[in-house]
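Asker: Make the full structure from the sequences, and use the hints.
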Amino acid sequence: MRFVRSLVLAGLLLAVAAVPAAGAEELTMECPACDHVDVEGSGLEPNANLTLTISDVKSGQIVVPRTRITTDSSGRFSREFDMDLTKHPALLGNLYEENGGTLVLAAHANASAPAHCRRDASLPYTGSSTGLSAGAAGALLTLGGVLLLVTRRRSGSTPA
0 MRFVRSLVLA GLLLAVAAVP AAGAEELTME CPACDHVDVE GSGLEPNANL
50 TLTISDVKSG QIVVPRTRIT TDSSGRFSRE FDMDLTKHPA LLGNLYEENG
100 GTLVLAAHAN ASAPAHCRRD ASLPYTGSST GLSAGAAGAL LTLGGVLLLV
150 TRRRSGSTPA
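Note that numbering that gives the first Met the number 0 has the sequence shown beginning at 0, numbered continuously upward.
Hints listed in this document are in silico derivations from the structure and should not be mistaken for laboratory results. No experiment lies behind these values; they were computed from the predicted model shown. By construction, the Cβ of each residue, glycine as well, lies at the ideal position given by its N, Cα and C atoms. A portion of the hints provided could be inaccurate.
[Stated by the list, open to error] Simulated DEER-style distance windows between Cβ atoms:
1) Gly59 to Leu131: 37 to 45 Å
2) Asp83 to Gly137: 17 to 25 Å
3) Ser132 to Asn109: 14 to 22 Å
4) Lys57 to Gly137: 25 to 33 Å
5) Gly130 to Ser154: 33 to 41 Å
[What the hints assert, rightly or not] Straight-line alpha carbon distances no greater than 16 Å define the calculated EDC-like cross-link-like pairs of lysine to aspartate or glutamate that follow:
6) Lys86 to Asp34
7) Lys57 to Asp83
8) Lys86 to Asp55
Answerer: As structure tokens, then:
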């Protein structure tokens, strides 16, 4: 009986230790329209001074340079940044706190422009268009087959 109690206690301790900590840092970015991105953070240290950068995933360009963010007394913040999401459709946000030269907190989030946003022109189509050449090839094969049948009939009907 003592062994069973020990197993139950060990399982309970393992389950408690395996559960992630409540109130963990969270950074979210949303793009509800084509002209701005909403950035929200929660579960952060109250009244903390943090740094936020937002970069374009495709080009690596920093779209929002190092911006100071201060959390409220509950450890939350919410900001809106104006930007053209047609030029920067995929974004990566980095939120961090530096204590001297040490990185204390790092949170990352991705965001994508809504599907209805007009995109910048993509690369031109460089592949071959096979429709016309496939039609021409089919026509030449048919013509060759007809010529082959015609020449065989003529050569078979002439006396040797």
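Asker: Indicate, hint by hint, whether the structure satisfies it.
Answerer: So, going through the hints one by one against the coordinates:
Between Gly59 and Leu131 the CB atoms are about 40 Å apart, so this pair conforms to the stated range of 37 to 45 Å. At roughly 47 Å, the beta carbons of Asp83 and Gly137 sit outside the given window of 17 to 25 Å. The beta-carbon spacing between Ser132 and Asn109, approximately 42 Å, falls outside the hinted interval of 14 to 22 Å. Between Lys57 and Gly137 the beta carbons are some 41 Å apart, a value that contradicts the proposed interval 25 to 33 Å.
At about 37 Å, the beta-carbon gap between Gly130 and Ser154 stays in the expected band of 33 to 41 Å. A threshold of 16 Å between alpha carbons decides the hint, and for Lys86 with Asp34 the separation of about 10 Å falls inside it, so the pair holds. Restraint check for Lys57 and Asp83: the C-alpha separation of about 14 Å stays at or below 16 Å, so the hint holds. Restraint check for Lys86 and Asp55: the C-alpha separation of about 9 Å stays at or below 16 Å, so the hint holds.
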